[in-house]
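Chains A and B, in that order, give the protein sequences.
Count along the first sequence starting at 1, add 1, and that's the number in this note's numbering.
Count along the second sequence starting at 1, add 145, and that's the number in this note's numbering.
FYI, nobody ran anything at the bench for these hints, they're computed from the structure.
All of these numbers come straight from a predicted model, not from anything done at the bench.
Ideal Cβ placement from N, Cα and C applies to all residues, glycine included.
Be aware that a few hints might be false.
Label pairs and their computed distance ranges (CB to CB) [to be verified]:
#1 Gly-160(A) with Gly-216(B): 16 to 26 Å
#2 Arg-393(B) with Gly-7(A): 50 to 60 Å
#3 Glu-81(A) with His-387(B): 29 to 39 Å
#4 Glu-170(B) with Arg-162(A): 15 to 25 Å
#5 His-387(B) with Gly-160(A): 31 to 41 Å
#6 Arg-393(B) with Arg-10(A): 51 to 61 Å
#7 Arg-162(A) with His-387(B): 31 to 41 Å
#8 Arg-388(B) with Leu-17(A): 53 to 63 Å
#9 Pro-173(B) with Ser-44(A): 49 to 59 Å
#10 Asn-380(B) with Arg-24(A): 52 to 62 Å
#11 Glu-281(B) with Leu-6(A): 29 to 39 Å
Now for the letters of each chain:
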Amino acid sequence: MSAYLGQIRAIVWKDLLLELRTRERVVAMGAFAVLAAVLFNYSIDRTVVRPQDVGAGLIWMTIVFGGLLGVGRTFHLEAEDGALQGVLMSPVPKDAVFLGKTLSNFVLLYAVSLLVVAVFMLFFGMELGASPTMLGLALALGALGFVALGTLFAAVSSGTRMGETLLPILLFPLLVPMIVFGAGATGRLLSGRPVSEVAGDIRMLAAFALMAVAAGAVLFRFVVED
Amino acid sequence: MAPESESPPPVASKPALEARGVVREYGPVIAVAGIDLSLERGDFLTVFGPNGAGKSSLLGLLAGALRPTRGEVFVDGTRLDFGAVEWRRNIGVLSHQGFLYAQLTVAENLQFYGRLYGLEDLERRIPERLAHVRLEDCSDALVGQLSHGMRQRLAVARALLHDPDVVLLDEPYTGLDPSAAAVLRGVLTELKDGCRTVVMVTHNLGEGLALASRVAIQVRGRFAWRGSREELDSNDFERLYHRVVEGRA
Numbered sequence: 002m003s004a005y006l007g008q009i010r011a012i013v014w015k016d017l018l019l020e021l022r023t024r025e026r027v028v029a030m031g032a033f034a035v036l037a038a039v040l041f042n043y044s045i046d047r048t049v050v051r052p053q054d055v056g057a058g059l060i061w062m063t064i065v066f067g068g069l070l071g072v073g074r075t076f077h078l079e080a081e082d083g084a085l086q087g088v089l090m091s092p093v094p095k096d097a098v099f100l101g102k103t104l105s106n107f108v109l110l111y112a113v114s115l116l117v118v119a120v121f122m123l124f125f126g127m128e129l130g131a132s133p134t135m136l137g138l139a140l141a142l143g144a145l146g147f148v149a150l151g152t153l154f155a156a157v158s159s160g161t162r163m164g165e166t167l168l169p170i171l172l173f174p175l176l177v178p179m180i181v182f183g184a185g186a187t188g189r190l191l192s193g194r195p196v197s198e199v200a201g202d203i204r205m206l207a208a209f210a211l212m213a214v215a216a217g218a219v220l221f222r223f224v225v226e227d
Numbered sequence: 146m147a148p149e150s151e152s153p154p155p156v157a158s159k160p161a162l163e164a165r166g167v168v169r170e171y172g173p174v175i176a177v178a179g180i181d182l183s184l185e186r187g188d189f190l191t192v193f194g195p196n197g198a199g200k201s202s203l204l205g206l207l208a209g210a211l212r213p214t215r216g217e218v219f220v221d222g223t224r225l226d227f228g229a230v231e232w233r234r235n236i237g238v239l240s241h242q243g244f245l246y247a248q249l250t251v252a253e254n255l256q257f258y259g260r261l262y263g264l265e266d267l268e269r270r271i272p273e274r275l276a277h278v279r280l281e282d283c284s285d286a287l288v289g290q291l292s293h294g295m296r297q298r299l300a301v302a303r304a305l306l307h308d309p310d311v312v313l314l315d316e317p318y319t320g321l322d323p324s325a326a327a328v329l330r331g332v333l334t335e336l337k338d339g340c341r342t343v344v345m346v347t348h349n350l351g352e353g354l355a356l357a358s359r360v361a362i363q364v365r366g367r368f369a370w371r372g373s374r375e376e377l378d379s380n381d382f383e384r385l386y387h388r389v390v391e392g393r394a
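Bound-form chain B, shown alone:
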């Protein structure tokens, strides 16, 4: 009699994005002072914090734009290796800056980044992405002629062009009018599709809470408070935020 086939032992799934004790120092200044985080696919973490708390540095570390002074970052269980580049395909970053060329058209900017990511279906993908951020009528416009809100929407299209599993957003609502903010909110809401992991840093308590499944408040390089969105009373969050930032919580 043939032996009964054994089912393989359950394997713990690796976090989609993980940071282990990451520290980032700029000379004597400690921007990120030892942060651990572990995010599963589908998590949307919003990091709040005052100016100078090290939020953008944390995002830079998670994006592989900054090298940690100490600690490690993993994407899908793979440690970020600065000598390799393949892991960068899994990450999309929307920064303070749009990473756009003002003298190229909207479509040319996306073509350029699409080619860098080795995307082969750009003829289909670019119009789709532009329609997604409501810029389908501007594909031949020079980026330098766009308003700030339109540039920000194009930057979102650029960041998501290659369908990254991990999306990192640094103050995406800064300087947007209500209409542009509404478009952006719609796009970011669609990121909560259960397939992606999103980290957003923002000062905007309302927008940040609306999208988050997990929340952290970063103060002086550390997570001074963290929890899930369900634990929070959104009406009381502003008070909690100020208490944490002032060190009273």
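The shape of chain A in the complex, shown without the other chains:
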């Protein structure tokens, strides 16, 4: 078990180190988040709608579209010089490769998700609500479910000519539960509603994330193996 965890750690270490050196994905996701918030800010007539009524949905859509920019490039650096082939030919279980890449994607997307919330608070004048911890948990569970499915489908799309065009077509329909429960929980938390009102949404987000991670771990080998 410790060898298995060591292999996952090695993949996370390598992915985060590569991201630290290139800043390829986190800059793209962060820039998208800020620009989207600016555009949404000008697109909403505040005399007609209150920002907190639409803020949660906009936050989640920004996370999804921004996250797609990063997750879609998960296997981009691996493709150079056949590095993914080298990883797959090493004695690492394929599910460990999946979990390692999912975890490193999660770290990046969760950081971007917190940035998105901060930027929306700034532009829309929203407040964190009564329970910032629960808001952080909802974002974390949503980000985990998203990157689990995103990593799996990024592996599928990286092997095709349509590549990044194919990824949203495959991924978006499966993200509906995450958007519904994530935006629901976020909206209530930002409106200052009690935590008991969002417990159900949080549980559903946790179930979605768990299922996405488990399904990805099982299916990943069929995607990457010859």
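Use these hints to put chain B onto chain A, whose structure you have.
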């Protein structure tokens, strides 16, 4: 009186690397058309052949990177099971590509692969391997800044980092200058230590013959000719090669 203890019957040693009727098809294209081979520990097989003969596909099958359409591959008597991973510890592969990350340093690349293979003595092993391929002064250099020859030498260090019993080499001399080729030749010569089994595919007749203990010429997915190095006259090999490739032998 105690019965005399019977010595166990001699057990035939299992081949270090064996392929039984391996076929690999890509849709209608047959890249490997039923190859059998059996290599003992210490054998160094060089496979020659023209472009498109299926040499790299054969190597991919032996490495477990490709699943055979038909047939089986065994390493130390164990059939390659794609659901398991332990047998991969016994195999080292040097491909056309180096499997390296350009944005990581030389040492970081080896650290990463060392961790994937669960190696615990990386602090000692990495400098040793780098010295072996004469890259000891480059451990902190980014791989993207290295020349092709240096990257190829690093790829050799990566392939041998875990001391594999079976080493598979795909065109290792491609694009190397004479100096880099000489370093590589030295490293590959050391692989002939009697403990490893090596399969190399190459177009380079001279380099391939120099190291080989066994030789095969692959044409249209099959071994059209095979023999031991001792049977060959190296001066006449080029003519033999062309005759075999053109179907006249």
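Cross-check of the supplied hints:
Checked against the hint of 16 to 26 Å, the C-beta distance between Gly-160(A) and Gly-216(B) comes to roughly 25 Å, which is consistent with it. For the hinted restraint 50 to 60 Å between Arg-393(B) and Gly-7(A), the CB-CB distance of approximately 55 Å keeps it satisfied. Hint check: Glu-81(A) to His-387(B), Cβ distance near 37 Å, so the stated range 29 to 39 Å holds. Take Glu-170(B) and Arg-162(A): their Cβ atoms lie about 22 Å apart, and the range 15 to 25 Å holds.
Remark: the range hint 31 to 41 Å for His-387(B) to Gly-160(A) is upheld by a beta-carbon distance near 38 Å. Between Arg-393(B) and Arg-10(A) the Cβ separation comes to about 57 Å, which falls inside the hinted range of 51 to 61 Å. Restraint check, Arg-162(A) to His-387(B): a C-beta distance of roughly 38 Å satisfies the suggested window 31 to 41 Å. For Arg-388(B) and Leu-17(A), the Cβ-Cβ distance of about 56 Å falls inside the hinted range of 53 to 63 Å, so the restraint holds.
About 53 Å separates the C-beta atoms of Pro-173(B) and Ser-44(A), a value consistent with the hinted range of 49 to 59 Å. A hinted range of 52 to 62 Å for the beta carbons of Asn-380(B) and Arg-24(A) is consistent with their spacing of about 57 Å. At roughly 31 Å, the beta carbons of Glu-281(B) and Leu-6(A) sit within the given window of 29 to 39 Å.
When held up to the earlier numbered hints, the structure conflicts with none and fits them all.
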